[in-house]
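The chain contents come next:
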Amino acid sequence: MNVLWIGVKRGWAENLHVMKDRRELVTQLVGTVGVFALLLVWMGDKPVRGTDVSNGTFMTAGFLAFTVFSAGLMSLPMMISADREDGTLLRLRIMPRGIPVYLVGRGVTLLCQITVQCALILGVGVAVGGVTAPHWATVAWVVALGTLAVVPLGAAIGCLMPSPKSAGAILGLPMMALMVVSGVMIPVTVMPEVVQWIAQAFPLYWQGLGLRSAFLPDSMLAAEIAGSWRPAFTAAVLGGWALAGILLAPVLLRRATRRESGSRLAERRLAAQAA
Amino acid sequence: MSTAIEVRGLRMSYGAADVLRGIDLDIPRGEVFALLGPNGAGKTTTIEILEGFRGRSAGEVQVLGVDPERGGDAWRARLGMVLQTWHDHRRWQVRELVAHLGSYYDDPRDPDELLAALGLTEQAAQRVGLLSGGQRRRLDVALGIVGRPDLLFLDEPTTGFDPEARQEFHRLIEKLAADEGMTVLLTTHDLVEAERLAGRIAILVDGRIAMHGAPADLARAVQAQSRVRWVEDGEERARATDDPSALAWELHRRFDGPVPGLEVRRPSLEESYLDLVGRAA
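Those protein sequences? They're chains S and W, same order as listed.
With numbering that gives the first Met the number 0 as the guide, the letters of the first sequence map in order to residues 0 to 274.
With numbering that gives the first Met the number 0 as the guide, the letters of the second sequence map in order to residues 0 to 280.
So that you can see chain W by itself, here it is in the shape it has in the complex:
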């Protein structure tokens, strides 16, 4: 079976409030997929339904071929989860905890190799409660992958990171995905992060998938219209267009020469994304 996650018409409402309004997702095995969207778009609700933490109001969901509402131990053993914040097991030592939680699985990773891969070797004997934010996050990833999961969920993995820690974390996820062929579903509100890590991105806005595809396709699709300005009859004119070059050519012909005050502005991908998010809100 080549599909890791299959979602059809997923809806979730709390009372009268619709949080998810019909989501479709197909995530093949081995892909790094980002669910991108502003806060409150429904990213965490979606990922928690996929993880089996929440029920749903309607729709079909299959995660590794199993409906998460009915997933048992054998299913859970194939998943790794890194939730937004963890504060657990503060009295345990780093290596001790990795080895202990690994022993719940049939074929765990070697704790020392895992700590080395995550740059936590020096912290092996340190108490979990004394780790810095970035170290704690790396430990959470270690615990997420200690059981060699087929599918890893990362919910807002770099929130609260400084830029350096974020870079380091990105390299780590890229390496894991490349070396292990693990399927990764991550949520983020950071376009740059999604672009850097994911093979495909779905933009979730207001409980719907506004757009999805590879980052390059997305950049094209999401591209907001360019604004072309010029001065005509002493008045400033402006027009939004998908094809600014054609408009400029048309203006040149109309003026039969230089166009007064001509200005063409293409929005950046980030601006386009914000525009998309803003339009839906």
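Bound-form chain S, shown alone:
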């Protein structure tokens, strides 16, 4: 059997395990989708000040962008770090085709997770929040390219994390900061210009922009940098991040597992237990 097919089956099996573990499923879904639904009910039907677009529509675009972003750059690194800690990566490293199968598997798990969460957010948005139907083709390509932009990068980050416990702590703060400055919740043009430039270096800003272009009328362009949706630029930046991640991830993953062995695993385990 080939790597791709075994990887898909592995990813799907991992998904079923998460679904069976009800607590984990609930945390995953309630996390983003629950907060989104609450916000929607609370303030979704009010228009964004000075426009005829509802808060709900603006928030839907933002939450979609953040879902993809946090799945790739928070959940995935933590999964990889946990797989390294408990020896799953080492087990696969000593099997033929193990590491490529693992990467495909994790990609599949993540895609399922992103798809389910995005569908729920869109569904809740349209059903509860009266969100106007977006331009579907744009949603599809932005989410797909955005996923590609963050997944390999997330895998690379996951290899660098010292332990799953510290991964959450290390990643949490920068992710929150990036979310605030990237314009997915608050229009980016209210930020100082330096911050705008920093935000534009990361994929989250472009993903948010692309999704807003699918949801919002052109009358909202006043709140965007350069007063334009800049679709070609969006595709170029997200594509660039995707390429960088795809080149970097296998190298880092190989390096992270090459220096792995049974006794090192045991040492780290002891250290983690002692801490």
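It should be emphasised that the hints constitute simulated quantities derived from the structure, not laboratory data.
Heads up, some of the hints might be wrong.
To spell it out: a stretch of chain S is covered by chain W in this simulated footprint if at least three of its residues, at any positions, have a beta carbon under 8 Å from a beta carbon of chain W; those stretches are [claimed, not checked]:
| no. | region |
| --- | --- |
| 1 | 91-98 |
| 2 | 259-269 |
Estimated spans, in silico, between C-beta atoms of each pair [stated by the list, open to error]:
| no. | chain 1 | residue 1 | chain 2 | residue 2 | range |
| --- | --- | --- | --- | --- | --- |
| 3 | W | D17 | S | W4 | 18 to 24 Å |
| 4 | S | W4 | W | P27 | 36 to 42 Å |
| 5 | S | L246 | W | N38 | 39 to 45 Å |
| 6 | S | K19 | W | P27 | 44 to 50 Å |
| 7 | W | G128 | S | V25 | 17 to 23 Å |
| 8 | W | P27 | S | L246 | 43 to 49 Å |
| 9 | S | K19 | W | G159 | 26 to 32 Å |
If you're wondering where the values come from, they're calculated on a predicted model, not measured in any experiment.
Quick reminder that beta carbons are idealized off the backbone N, C-alpha and C, glycines included.
With the hints as your guide, set chain W onto chain S.
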């Protein structure tokens, strides 16, 4: 080719510390070979170099004809490894995991037959994370041999087992080696285990092979000197000797009759082994 593992002058140092100081090993195909030694002797370092997990400072290493530092997927597919502790794939079910990891190989064993052989049939639908220590260890062996390896590495396989589980595990390894003709390299610090399982044993002490051979040869070679005690001129005398019988005969002739307080003590194999380990440390 009839050699599974060939090692010449293997050295490993971490900074100034020499962990392995020149090891030679020849393990023919189909043999069960034990690397015996106290903790810290370098057993795990040796096995991890052979498995391709660690680099080495010097020496020639061939495992199934390949240098482990350059072993690829095709080489790895012929190896089975049971490391000291595994905690992976805890959410998977036992049978599901065996079947899944088997699918990485071209000609895997049948998962149900494998579980039956390892006495895990009843646990087939159980989550891996809920297995007992002994069951988990048997699962690790199942995963180690699911790809029909030519060579199986077992690193301290029975650490933490109760005596019954240990017995059961020994029977399992004997059966695998006998039925499949698989080459097995195991490390242990337990002389009894090495004696029971292995066709040949190498005793690793302080980064060197202090002695090696079949268990019976080893017992002879490793045998520490016997102590003979007697009383002469009102004083207690003692002498260590390789040939206590000859010394006793000599004493009898010297005393021309019974030797006062004569006592001959032959050390057990275990004592001899501990003596060897102690002498080197």
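Results for each hint:
Requiring three or more residues with a Cβ within less than 8 Å of a Cβ of chain W, the coverage given for the region 91-98 of chain S holds, as 5 such residues are present. Evaluation of the coverage hint for the region 259-269 of chain S: fulfilled, as 7 residues show C-beta separations to chain W shorter than 8 Å, against a requirement of three. Remark: the range hint 18 to 24 Å for W:D17 to S:W4 is contradicted by a beta-carbon distance near 47 Å. Range check, S:W4 to W:P27: Cβ separation about 38 Å, and the 36 to 42 Å hint holds.
A C-beta distance of roughly 43 Å is found between S:L246 and W:N38, which places it inside the suggested range of 39 to 45 Å. Checked against the hint of 44 to 50 Å, the pair S:K19 and W:P27 passes, with Cβ atoms roughly 47 Å apart. At roughly 19 Å, the beta carbons of W:G128 and S:V25 sit within the given window of 17 to 23 Å. As the Cβ distance of W:P27 to S:L246 is approximately 45 Å, the hint placing it in 43 to 49 Å holds.
Hint check: S:K19 to W:G159, Cβ distance near 29 Å, so the stated range 26 to 32 Å holds.
The structure fails hint 3 only (numbered hints given earlier).
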